[in-house]
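Peer 1: Protein chains in written order, with the numbering used here: chain Y, 1 to 371; chain D, 1 to 101.
Think of the hints as simulated: they come from the structure by calculation, not from any bench. From a predicted model like this one, the values you see are computed outputs, not experimental measurements. There's no promise every hint is true.
Derived, one-sided and incomplete: chain D residues facing chain Y with beta-carbon distance under 7 Å [unchecked claim]:
1) A42
2) T46
3) G49
4) T50
5) H54
6) S56
7) F62
Positions of the beta carbon are idealized from the N, C-alpha and C atoms, including for glycine.
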Amino acid sequence: MSKVRLLVGTRKGAFVLTADGTRKNWSVSGPHFAGWEIYHLKGSPVDPNRIYASQTSGWFGQVVQRSDDGGLTWNPVGNKFLYDGVAGTHQWYDGTPHPWEFKRVWHLEPSLTCAETLYAGAEDAALFHSQDGGNTWSEFAGLRNHGTGPAWQPGAGGMCLHTILIDPANPQRVFIAISAAGAFRTDDGGQTWKPINRGLRSQYIPDQDAEVGHCVHHIAMHPSRPDTLFMQKHWDVMRSDDAGDSWREISGNLPTDFGFVIDVHAHEPETLYVVPIKSDSEHFPIDGKLQVHRSRSGGNEWEPLTKGLPQSNCYVNVLRDAMAVDTLDSCGVYFGTTGGQVYASSDSGDNWNAIVHDLPAVLSIEVQTLP
Amino acid sequence: MKSVVHVELPASLRLLARVSHLVEVSIEGPVTQRSILDALEAAHPTLQGTMRDHTSKLRRPFIRFFACDQDLSHLSPDEQLPEAVAMGTEPFLVIGAIAGG
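Take these sequences, add in the hints, and give me the full structure.
Peer 2: Below you can see the structure in the form of structure tokens.
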């Protein structure tokens, strides 16, 4: 019988939640790396027992952990993330030049074809890769050295490269997103990059249609349609059908189009999920009612999903990497909150249950569907 | 001259390096912050980058070094440490600063 394994990164450690295909009874292991911030964990699609974790601390810096047995045991691998050449400067919050400084890894994206290869998205924004299971890292400097780099500015959470999407049909094509520079694409395996922000409008920058400077919160893709991308921006939910060359807004009837997460149903490429958050200054659901919104039409028409979710006095946030879907026949949808709840739906979002209530603030969720 | 220095690590780094409360490191020549950290990182490579920067070798901002009831954090990395540390009668303490609430 199939089973699912949730990899949950929190402010104070990692947790591994497992269940069989019914997804009714869950076992919880952890905290792994107790006390450390675990920004992200992700398993290799090639070898699901190979899992990578980004472990970070304001005191002790960055550590990358690797498990070869599905999260039972872990070993630290390389943590030397050096910018290629002269690091240069980007803009600081006040507009002055600020040196590029490595702070942490926000997102780890294992290769679709090789368990030893993975990408790491860093703050200050850069894309690194490893071809030896995380032991050594090198930068794709063509991204940071894009001509617009000196104009990039951090978002409130730091200048982080938080989204990495590999095109399953063409591994030379990778999409990334940076807060608050925008989205970028490479078509040559990471050597050169182009901004893909046409159609984004951001009222918080002087030129609302600028080539870069947009605060992209997250991007999602269905593997069967790699040219179609869905974006939750700082404000606005957006869609592209030409691999990011142009975007159009699909916020439609959402009660607010601010939010962080966005994801796509495993079997329905036009079914999307977002969690509307009240505003950029009030990072919680409207009226204390936690709602996932689902569109079955690729955007614009959205329905609130509330069964099993708190509908009063709920003032949590759902951060950008904290939603995932499994690939079982009845698609499971999962998200974690800053209040430490992990909610699961085994029926595409119609009904929800809290698997756990009291973890540390959840930073990220990934799910593995296992045979 | 060879010295055996006792280093006390914070709990997070003990877990990371899988070592107990006190770590013994052998040092040839002067006992300084640099020679202690060099020996410690050589014996436990997972500690590289956690106490000082990989390249500049500067102390991370929230790491402090104490010994013999003194804060040695602002000494030059190459300044000789108190005799009691070199003799192994007083530990060299690596401390995570109290910060962040």
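Peer 1: Under 7 Å, Cβ to Cβ, is where G49(D) needs to be relative to chain Y, so tell me if that hint holds or is violated.
Peer 2: Constraint on G49(D) satisfied, holds at 5 Å.
Peer 1: Under 7 Å is the threshold here; is the Cβ of H54(D) close enough to any Cβ of chain Y for the hint to stand?
Peer 2: holds (5 Å)
Peer 1: Hint check: is the beta carbon of T50(D) less than 7 Å from a beta carbon of chain Y?
Peer 2: At about 4 Å, which falls below the 7 Å cut-off, the nearest Cβ of chain Y leaves the hint on T50(D) intact, so it holds.
Peer 1: Can you verify the interface hint for T46(D): is its Cβ closer than 7 Å to any Cβ in chain Y?
Peer 2: holds (4 Å)
Peer 1: Holds or violated: the hint that A42(D) contacts chain Y, with Cβ atoms closer than 7 Å.
Peer 2: At about 15 Å, which exceeds the 7 Å cut-off, the nearest Cβ of chain Y leaves the hint on A42(D) violated.
Peer 1: Please verify that hint: S56(D), Cβ, nearest Cβ of chain Y, below 7 Å or not.
Peer 2: violated (11 Å)
Peer 1: Any CB of chain Y closer than 7 Å to the CB of F62(D)?
Peer 2: Check passed: Cβ of F62(D) comes within 4 Å of chain Y, closer than 7 Å.
The structure does not agree with the numbered hints 1 and 6 stated previously, though it agrees with the rest.
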